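Based on the provided sequences and hints, a complete structural model is requested.
2 protein chains.
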Amino acid sequence: MAKEAATAIEPTREENYPEWYQEVIKASDMAENSPVRGCMVIKPWGYALWENISRVLDDMFKQTGVKNAYFPLFIPLSFLEKEAAHVEGFAKECAVVTHHRLEKGGNGGLVPAGPLTEPLIVRPTSETIIGDAFSKWITSYRDLPVLINQWANVVRWEMRTRLFLRTSEFLWQEGHTAHATAAEAIERTRMMLEVYRKVSEDYLAIPVITGEKSASEKFPGAETTTCIEAMMQDRKALQAGTSHFLGQNFAHASQIKYQSEKEIEEYAWTTSWGVSTRLIGALIMTHSDDNGVILPPRVASAHVVLMPIIRKEQNRDAIMDYTQGIADRLRKLAYYGRNIQVEIDSRDIGGARNWEWIKKGIPLRVEIGPKDMASDSVFVGRRDKDPRDKAAFRKDAFVDGVKDLLDEIQNNLYQKALDFKNTHTRPMDEKTDFDAFFTPKNTERPEIHGGFALSHWCGNAGCEKNIKDRLNVTIRCIPFGGGNEAGRCIECNGPSAKRVVFAKAY
Amino acid sequence: MAKEAATAIEPTREENYPEWYQEVIKASDMAENSPVRGCMVIKPWGYALWENISRVLDDMFKQTGVKNAYFPLFIPLSFLEKEAAHVEGFAKECAVVTHHRLEKGGNGGLVPAGPLTEPLIVRPTSETIIGDAFSKWITSYRDLPVLINQWANVVRWEMRTRLFLRTSEFLWQEGHTAHATAAEAIERTRMMLEVYRKVSEDYLAIPVITGEKSASEKFPGAETTTCIEAMMQDRKALQAGTSHFLGQNFAHASQIKYQSEKEIEEYAWTTSWGVSTRLIGALIMTHSDDNGVILPPRVASAHVVLMPIIRKEQNRDAIMDYTQGIADRLRKLAYYGRNIQVEIDSRDIGGARNWEWIKKGIPLRVEIGPKDMASDSVFVGRRDKDPRDKAAFRKDAFVDGVKDLLDEIQNNLYQKALDFKNTHTRPMDEKTDFDAFFTPKNTERPEIHGGFALSHWCGNAGCEKNIKDRLNVTIRCIPFGGGNEAGRCIECNGPSAKRVVFAKAY
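Sequences listed follow chains A and B, in order.
Take 631 as the starting number for the first sequence in my numbering and just add one per residue.
Take 631 as the starting number for the second sequence in my numbering and just add one per residue.
Please keep in mind that the hints were generated in silico from the structure rather than gathered at the bench.
Keep in mind the model is a prediction, meaning the values are calculated, not measured.
Check each hint, because a few of them may be wrong.
[Unchecked claim] Think about it this way: if two alpha-carbon atoms lie no more than 16 Å apart in a straight line, the pair counts; the simulated EDC-like pairs of lysine to aspartate or glutamate are:
hint	chain 1	residue 1	chain 2	residue 2
1	A	697	B	973
2	A	722	B	733
3	A	734	B	718
4	A	1046	A	832
5	A	692	B	681
6	B	734	A	718
7	B	1025	B	997
8	B	734	A	711
9	A	766	B	662
10	A	692	B	973
11	A	697	B	681
12	B	692	A	973
13	B	734	A	723
14	B	692	A	681
15	B	697	A	681
16	B	697	A	659
17	A	766	B	659
18	B	766	A	662
19	A	697	B	659
20	B	697	A	973
Pasting the structure below:
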């Protein structure tokens, strides 16, 4: 294979990161653009990832007492308008349903008919429609807390889209809770952010920074937005999940009221929190290399591919039996909430077979030839190593050790991503250094810059805006804990209580 | 409780079956109508049922080689128009997206803006958008079969809706497959219908008849539609799932072509098959009684509720510990793909507590009072028995036997539904008997009639239409196997090869 000397993906990350991303997805067969503007088709290899991520999240949600429910896809325009900041935030990206049937038009083709008296918005998020339900469900303090999650599709009309990262329709979960006190709602906001941190770091192997958004970056209608932020390999930040404390804003908008123990009518305090198929984009951008996707084992679409090498047709049955025997044993092993997922690829297409699986990012590739069988062995390639770096294992040792091997890969991926993030995150106290950090050295490659700057900010929206206008750099979050020493704002030199995370962002 | 003497649900099935259905759902807290016309809110107790049904189906699909994927919510109008019968079938019930943002209108309120060049239809089903993807994925016979399933929401605008049975938006799965030969596609159609039969009978405890639809009842665009049909307690039929052999109709419409082994370009043969949240309606209508829902244990939202009886506050800790100990043991037991799901209800609200759980249909209610604890026992009510009919169990015997108890309930429900269906299914050879069978005896209760008639039909659409016009009775299916003796058409007395199932239907 000509590819073996070079890399499987062209261009490389160094050559053109945005194009590399598109090519990696194409080569992995995870998703593709659809004929519907901005909407993607998630193919089986990509969807399996989402199934695995969803299952992990769902289990954790349920452990905290959250229950799943389902609310309408459509939101009446008047509902969206109930919360001023909220509708303002979403008005520019709404898919609007205006008719409920089709009929023959003048030219013989079908045209929309049956106009609706009130337009319906395809949900961009569900605070207002779920708020309406909560207002009926909740009457007494005894009804609280209400802890609900919904797995759903949402639509936010986007002009510039990118598979998984920004699409007009995406899949997500949205949690919505109502509480008797602000403190309890804030605690829930943080609790769910912690679930997101845990899933990102322990399952997706993506290290994240947790913190709070500045006022300009918070969710439309929220009091405070907390988030997890990750660093991609182009050193840009990606917001991977958000958890909002909504105060009583939506309770006022939807009249979510309860009678307290003291028989006083009070408004409830609500939260919402969500992660989406964007996590798959984050995973790809964090771990993949110039040979394609690298899947963290704990959420991988499959763990092991067995590739029998059938050179002489008369050996076929023996090799296939040997292969099947290994598959059967592996499939009985439990690994992080499901059994080891095994693919068997017996196609006779030469080296292309091996490279297909490398590009798909499967953690372990196992070649099984006549010699391996004769010595009761298998020949194993790890996706976190160089493609040529393979090792022979005794069959039993491989099967018995496969879970450790997968965990080793998982930990390697996490450590590598953590090292990368730490290397490119710098405390930055001088404005000239700050500007240089974010200014591309090479004008032909405007995406290359320093990474995350930990700098002081006075809290003034004007300084935030100046920096954004000058460098296209934003405050990704005001991190929780640590870095609490006081200092001077990187922009205006005014007093600052703590450092915040500045970065270019997706 | 005044209710204990009468029934918990008013009206009863006998008094008013359609209203009884609405009341049963309300009392069970499974779903409610939403402010969006025809769309429902599925509440946690109802959604859990859907999660369990989905998991069972998903496992079975995957065992047959099917993989999940996800396709756009929106279908361009031109796609829908590619298959003439298909668009004709769905045109009257399409939610149409015509704009992609909102802006301030003349009166200050928001109005739709950003008109789309081509209207988008919110998917009523996805043959055409998935067909487009298939046309890109498939080029050679080596790419076949393609076996895809999607879990999704769909919208079919309905004027008259009923929770779960007929809603403008519903949740479903839609399988779509492409094959090299007609025979293989037909085999797949039957294979998936068999999955539906198995899930209905073995998990939902709903006996079904499998068969083929007549031409007038088939899916718009299908060659043949096969189905499972169940009998509700008002003796009407409910179509609970369909599996379609689409021939090459959609392959022609979407240009799904492949090069055969002989290097000839051929059109693929496709299938589609689906079940929806309608199954929950079928389950409720099949098993519930005048005290509310009865959930079949294998898909029940939860299996056991433990109700500690705390009379003296000083006993609280001891009783709660005893209860928690039982819950911990039960929750470790595996039962049909998940662990036993236990609810603990320690509210002190008198008999209302017991009745709430009866109305919710939980299979086992367990009361735990000081006397039970003293004798290391529990007091158990089964939902398939009279509410007053409870039995004491030694605690260990209860825990050790709980799975058998649940299976006994499961089998009882199935047997009862099967007996009901058999009792009200009659071979019918005389037109006068046939008409009498379907004519209500009491004009005040037009829903009461005979049930399913197994009668001969000549195959003529005219006879089918006459019967429908006269009696509102349709051919539910031409059943597979059995009843193959020839006879005379119940309508025209013409020759008929076999009996078909006639019924009134949902």
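Query raised in the report: Under the criterion that the straight-line Cα-Cα distance not exceed 16 Å, is the pair residue 766 of chain B, residue 662 of chain A satisfied?
Result: Status holds; Cα separation ~11 Å.
Query - Restraint check for residue 766 of chain A with residue 662 of chain B, where alpha carbons must lie at most 16 Å apart - result: Distance ~11 Å between residue 766 of chain A and residue 662 of chain B Cα, so the pair holds.
Query raised in the report: Within a Cα-Cα threshold of 16 Å, do residue 734 of chain B and residue 711 of chain A meet the stated pairing?
Result: Given pair residue 734 of chain B, residue 711 of chain A holds - Cα atoms ~12 Å apart, limit 16 Å.
Report task. Would you mind confirming whether the straight-line C-alpha gap from residue 1025 of chain B to residue 997 of chain B stays at or under 16 Å? Result -> Judged against 16 Å, a Cα distance of about 12 Å means the pair holds.
Requested in this report: Would you check the hint for residue 692 of chain A and residue 973 of chain B, treating anything up to 16 Å between C-alpha atoms as holding?
Outcome: Status holds; Cα separation ~13 Å.
Query raised in the report: residue 697 of chain A and residue 973 of chain B: Cα distance at most 16 Å?
Result: holds, 13 Å
Requested in this report: Could you grab the alpha-carbon distance between residue 766 of chain A and residue 659 of chain B and see if it respects the 16 Å cut-off?
Outcome: OK: residue 766 of chain A and residue 659 of chain B at ~13 Å, within 16 Å.
Requested in this report: Verify the proposed pairing of residue 697 of chain B with residue 973 of chain A, using a straight-line Cα cut of 16 Å.
Outcome: Holds - the C-alpha atoms of residue 973 of chain A and residue 697 of chain B are around 13 Å apart, at most 16 Å.
Requested in this report: Assess, step by step, whether the Cα of residue 692 of chain A is no farther than 16 Å from the Cα of residue 681 of chain B, and give holds or violated.
Outcome: Cα-Cα ~13 Å, so holds.
Query raised in the report: Between residue 734 of chain A and residue 718 of chain B, is the straight-line Cα distance small enough, at 16 Å or below?
Result: Answer holds: residue 734 of chain A to residue 718 of chain B is near 11 Å, not above 16 Å.
Query raised in the report: Regarding the pair residue 734 of chain B and residue 723 of chain A, is the alpha-carbon distance no greater than 16 Å?
Result: holds, 14 Å
Requested in this report: Quickly compare the C-alpha distance for residue 734 of chain B and residue 718 of chain A to 16 Å and report which way the hint goes.
Outcome: holds, 10 Å
Checked against the numbered hints given earlier, this structure breaks none of them.
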